[in-house]
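Chemist: Here is how the chains run, residue by residue.
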Amino acid sequence: MTTEPLAARPKKVRNFALLSNRAGGAFLLPAGLLVSVFVIFPFFWVIFVSFTNRTLLGRTALNPEFVGLANYLTLFDPATFFQRGQFGFSLILTTQFVLCSALLGQALLGLVLAWLIQTVPPAVKRMVETFVIGAWILPEVVIGFAWFAFLDRDAGTLNMLLKSVGLPPGDFLLQHPFWVIVVFNTWRGAAFSMMLFNSAFASIPPSYFQAADVAGASSFQKFRDIGLPLIRGHIVTDLILITMWTFNVFTPFLLTNGGPSYRTELVSIYNYRVAFQDFQFGKGAAVGVIMMLINLAFALVYLSIGKKKAAQS
Amino acid sequence: MKKISFPALFSRIAFSGLAAIIGAAFALPLVWFLFAPFNARAELGLALPDPWTLSNFATVFGNGFAMQALWNSLIQAVGGVILVGAAATLAAYALSRSSLPAKGAVTYILLLFSSVVSGTAAMVPIFLIVSAAGLMDTHIAVILTFAGGLLPTAMFILRDFIDGIPKSYEESAMVAGASPVQAFFDVALPVIRPGIVVVVVWAFVNIWGSFLIPFILLRSSQNMPAAVAIYSFYSEAGTPVVTLLAAYSLIYSLPVIGLYLFVSWKFGFRFFGGIKA
Chain A
1 MTTEPLAARP KKVRNFALLS NRAGGAFLLP AGLLVSVFVI FPFFWVIFVS FTNRTLLGRT
61 ALNPEFVGLA NYLTLFDPAT FFQRGQFGFS LILTTQFVLC SALLGQALLG LVLAWLIQTV
121 PPAVKRMVET FVIGAWILPE VVIGFAWFAF LDRDAGTLNM LLKSVGLPPG DFLLQHPFWV
181 IVVFNTWRGA AFSMMLFNSA FASIPPSYFQ AADVAGASSF QKFRDIGLPL IRGHIVTDLI
241 LITMWTFNVF TPFLLTNGGP SYRTELVSIY NYRVAFQDFQ FGKGAAVGVI MMLINLAFAL
301 VYLSIGKKKA AQS
Chain B
1 MKKISFPALF SRIAFSGLAA IIGAAFALPL VWFLFAPFNA RAELGLALPD PWTLSNFATV
61 FGNGFAMQAL WNSLIQAVGG VILVGAAATL AAYALSRSSL PAKGAVTYIL LLFSSVVSGT
121 AAMVPIFLIV SAAGLMDTHI AVILTFAGGL LPTAMFILRD FIDGIPKSYE ESAMVAGASP
181 VQAFFDVALP VIRPGIVVVV VWAFVNIWGS FLIPFILLRS SQNMPAAVAI YSFYSEAGTP
241 VVTLLAAYSL IYSLPVIGLY LFVSWKFGFR FFGGIKA
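Protein chains in written order, with my numbering: chain A, 1 to 313; chain B, 1 to 277.
The set of hints was computed from the structure by calculation and includes no laboratory data. The structure presented is a predicted model; accordingly, all values stated were derived computationally and were not measured. Here a beta-carbon is modelled for each residue, glycine too, at the ideal position from N, C-alpha and C. Any given hint could turn out to be false.
Claimed, not checked - Per label pair, the in silico range of CB-to-CB distance:
#1 S164/A - D50/B: 15 to 21 Å
#2 S203/A - R193/B: 45 to 51 Å
#3 D50/B - I47/A: 18 to 24 Å
#4 T130/A - P166/B: 34 to 40 Å
#5 A297/A - A40/B: 49 to 55 Å
Isolated chain A (complex conformation) (with noise of 0.2 Å):
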């Protein structure tokens, strides 16, 4: 009778597991050998080829030479650094745009969309969400052709709205292509803040609101000293995302090409014309070694975070 219990609990104390660790490394390994040649491995190859002269043609294609920190002298040349189609230049332009149409655009008007539809009617609901997630699954070539139609000089939709109240119509991606493209960005991407700001007040307890309600509040009131504090650990989380993305993206390209005279080249966009349209793998490696050390930084502020959050809960 008393030797069973005593069987049973080292068993217990082993910790059993479903899998063997055997069979659980075989399950891994499919997906740890993509992860590593596609996502692990260019990590550390960018590094070593952005210490080489490496091109796309000619001699040093096949036998690139070892030219120390070259390539990175080259891109933060004091003499060249600000000019337009310099490095200096795009990563200027690049923090504006995210400025611009990340943490502006798209946080505050998905703060604003998530509010306002907690209290519209169902259908207006529905129809504010339907547009604004289309804009952000439909295909980027598609949004892209979209917006070159709707941007058009003579024709587009926007000035023909413009002309119909007796504004002037403008060549917007002539004169404005910064403008246009933080913009398009902040349309493209508002639905993300939106439907994670939105859940986040959902999360809230409606006795919250009720209560403010019968104090007399007003909604501005109720949004400012409930909603705001309430949902901050996801605007953290939410502008750390977007910022990621918005440094990462590449879309812009499709409508603006990186022009007109380098005036919408993004990192992004700088490096493909660099590493593909020049042809120097070097420069452009460099160019990719950089972007992912700022993406490394935003990444780890954001898993310290999620790390804190798991140890509070």
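Let chain A serve as the given structure and place chain B on it in line with the hints.
Modeler: Frame of chain A; chain B shown alone:
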């Protein structure tokens, strides 16, 4: 219970009005797309088709290059989805159910790398790896690259999903004499299926809509997916043939729209903490 006061009613109407205006502003750039595909004389200007016609679609279906590109999109998306779905399911199951020592570290490293190595930052090394493997200008290059890039996120989504399923299902199967592999295929897999569907749909939409990776990895027109074909139609060909392009873009968008409707009907369109590639 409580009578709605006049200011409250007013603010409600103002809210609805504001929401409707923003919604309409979001729709504006796409309005042209509702009409142009059905207009045989469509130009970049907004115009009601007169008469409504399907002739643009007929022309697209008769265009060999356009059809080939759609077919290529399908090959690449389906190929990628099968790889992502199968590999992510196996890996997520291992991460959830085995007691491998480095499980936590593996997850952390994957999460880190998947957000650091974006497609735009890694285009040079990916090009060089594919080129060194002799896979330039092949479907398999695009399929493998997407599978690798999408797998980390797919694994997180599925691992969370599997973590939420009680272990007792498989445990009782194993008590009844099933091997771990049998428990996986016959007991766990059917329960995980909704999670796999979500991952598969997400991966399909991602690959189907992506432009950059096929753009740099493919050279010949017989391998080009529709995304690259549409771009070359409107960027290289001088004045684009707007009628064809509008109809073609609509056809190309249909699977994405269909899958969105399917997901929101079946699961309610929630989104997962995943990272859009």
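Chemist: Honestly, which of those hints from before does the structure not fit?
Modeler: 2, 3
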